[in-house]
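Working from the sequences, and respecting the hints, build out all of it.
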Amino acid sequence: MTESEQLDATFAALANPTRRALLARLVRGEATVNALAEPFDMTLPAVSRHIRVLEKAGLVTRGKDAQFRPCKLNAEPLRVVANWADQYRDIWEDRFDVMASVLKSMKEKP
Amino acid sequence: MSDQQSWVKIERELDAPIEDVWAMWTDPELFKSWYGPMGMSVPAAEMDVVVGGTRKVCMEMTSPERKMSMWFTGVYKEVWKPSRLVYTESMCTEDGTIISPQSMGMPEGTPDITEVIIELKEVDGKTVMTMAHVGVPEGSAGEGGWKQAFDKLAELLAAQE
Numbered sequence: 001m002t003e004s005e006q007l008d009a010t011f012a013a014l015a016n017p018t019r020r021a022l023l024a025r026l027v028r029g030e031a032t033v034n035a036l037a038e039p040f041d042m043t044l045p046a047v048s049r050h051i052r053v054l055e056k057a058g059l060v061t062r063g064k065d066a067q068f069r070p071c072k073l074n075a076e077p078l079r080v081v082a083n084w085a086d087q088y089r090d091i092w093e094d095r096f097d098v099m100a101s102v103l104k105s106m107k108e109k110p
Numbered sequence: 111m112s113d114q115q116s117w118v119k120i121e122r123e124l125d126a127p128i129e130d131v132w133a134m135w136t137d138p139e140l141f142k143s144w145y146g147p148m149g150m151s152v153p154a155a156e157m158d159v160v161v162g163g164t165r166k167v168c169m170e171m172t173s174p175e176r177k178m179s180m181w182f183t184g185v186y187k188e189v190w191k192p193s194r195l196v197y198t199e200s201m202c203t204e205d206g207t208i209i210s211p212q213s214m215g216m217p218e219g220t221p222d223i224t225e226v227i228i229e230l231k232e233v234d235g236k237t238v239m240t241m242a243h244v245g246v247p248e249g250s251a252g253e254g255g256w257k258q259a260f261d262k263l264a265e266l267l268a269a270q271e
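Chains as they are written, first to last, in our numbering: chain A, 1 to 110; chain B, 111 to 271.
Simulated from the structure, these hints should not be mistaken for lab results.
All C-beta atoms, glycine included, are put in the ideal place defined by N, C-alpha and C.
Incorrect hints may appear among the rest.
[To be verified] The following residues of chain B were derived to be distant from chain A, with all beta-carbon distances above 12 Å:
| id | residue |
| --- | --- |
| 1 | W135 |
| 2 | E156 |
| 3 | M157 |
| 4 | V160 |
| 5 | K166 |
| 6 | V185 |
| 7 | V233 |
[Stated by the list, open to error] List of simulated lysine to aspartate or glutamate pairs, EDC-like, C-alpha gap at most 20 Å:
| id | chain 1 | residue 1 | chain 2 | residue 2 |
| --- | --- | --- | --- | --- |
| 8 | A | K104 | B | D130 |
| 9 | A | K109 | B | D137 |
| 10 | B | K142 | A | D94 |
| 11 | A | K109 | B | D222 |
| 12 | B | K231 | A | D97 |
| 13 | B | K119 | A | D97 |
| 14 | B | K236 | A | D97 |
| 15 | A | K104 | B | D125 |
| 16 | B | K191 | B | E225 |
| 17 | A | K109 | B | E225 |
Shown next, in the form of structure tokens:
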């Protein structure tokens, strides 16, 4: 996946309250699909579908244990999103550096 | 502002009177002098700084291979000289038609409209400037989107540290 495709997938995956709740649960540690499904008023297949979306976005990885295959959070795609937001901060910081020097030169020659 | 997600928020202390800092944002010629860092220039800026007035800014990036122009337009929502200025920002074509950020190669999830909020306060002859650039969730209300995604993101990243 390119970084742009990764961003698309991450945003799409996060734009759903069930999936965000699943991720919030996984922050506390890995869990099986059954355990993850428990708090939801939802069928197991429905929860599994949400987990597959998270998996495709790279936000969740599944263990090898054939029977339980516990889900685990992978925060890396979230960092890509955070870095992307940081670029905007850098642009503004650079702009304000220039603004400060323009103001300084205005002060020096009124 | 409480229903919106701060995207970028920066506070700066500038060694200048508040009127001069206000002019940096509202005088097109002065605005051009600082708004385009890092190889970008601002060849055009039009600003009708009244509530409901429009603004249009062109940013140009020139590299040896090519020249790329990006146009931004928006509306002034609040104008409280010299202490508070709020305007919206969207990508647009040269004639001012709003275009989606995705069509310009920005990632899915980039909001069509963002808002820039500037607050100025004079302290001992210097000016404290706070700038917030926020995403305005499309249609707002309901799920989907920017604010929730970023709230969650911040939470998850904090938990991972």
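Against the earlier hints, flag every one the structure doesn't satisfy and list their numbers going up. Structure breaks hints 1, 11, 17.
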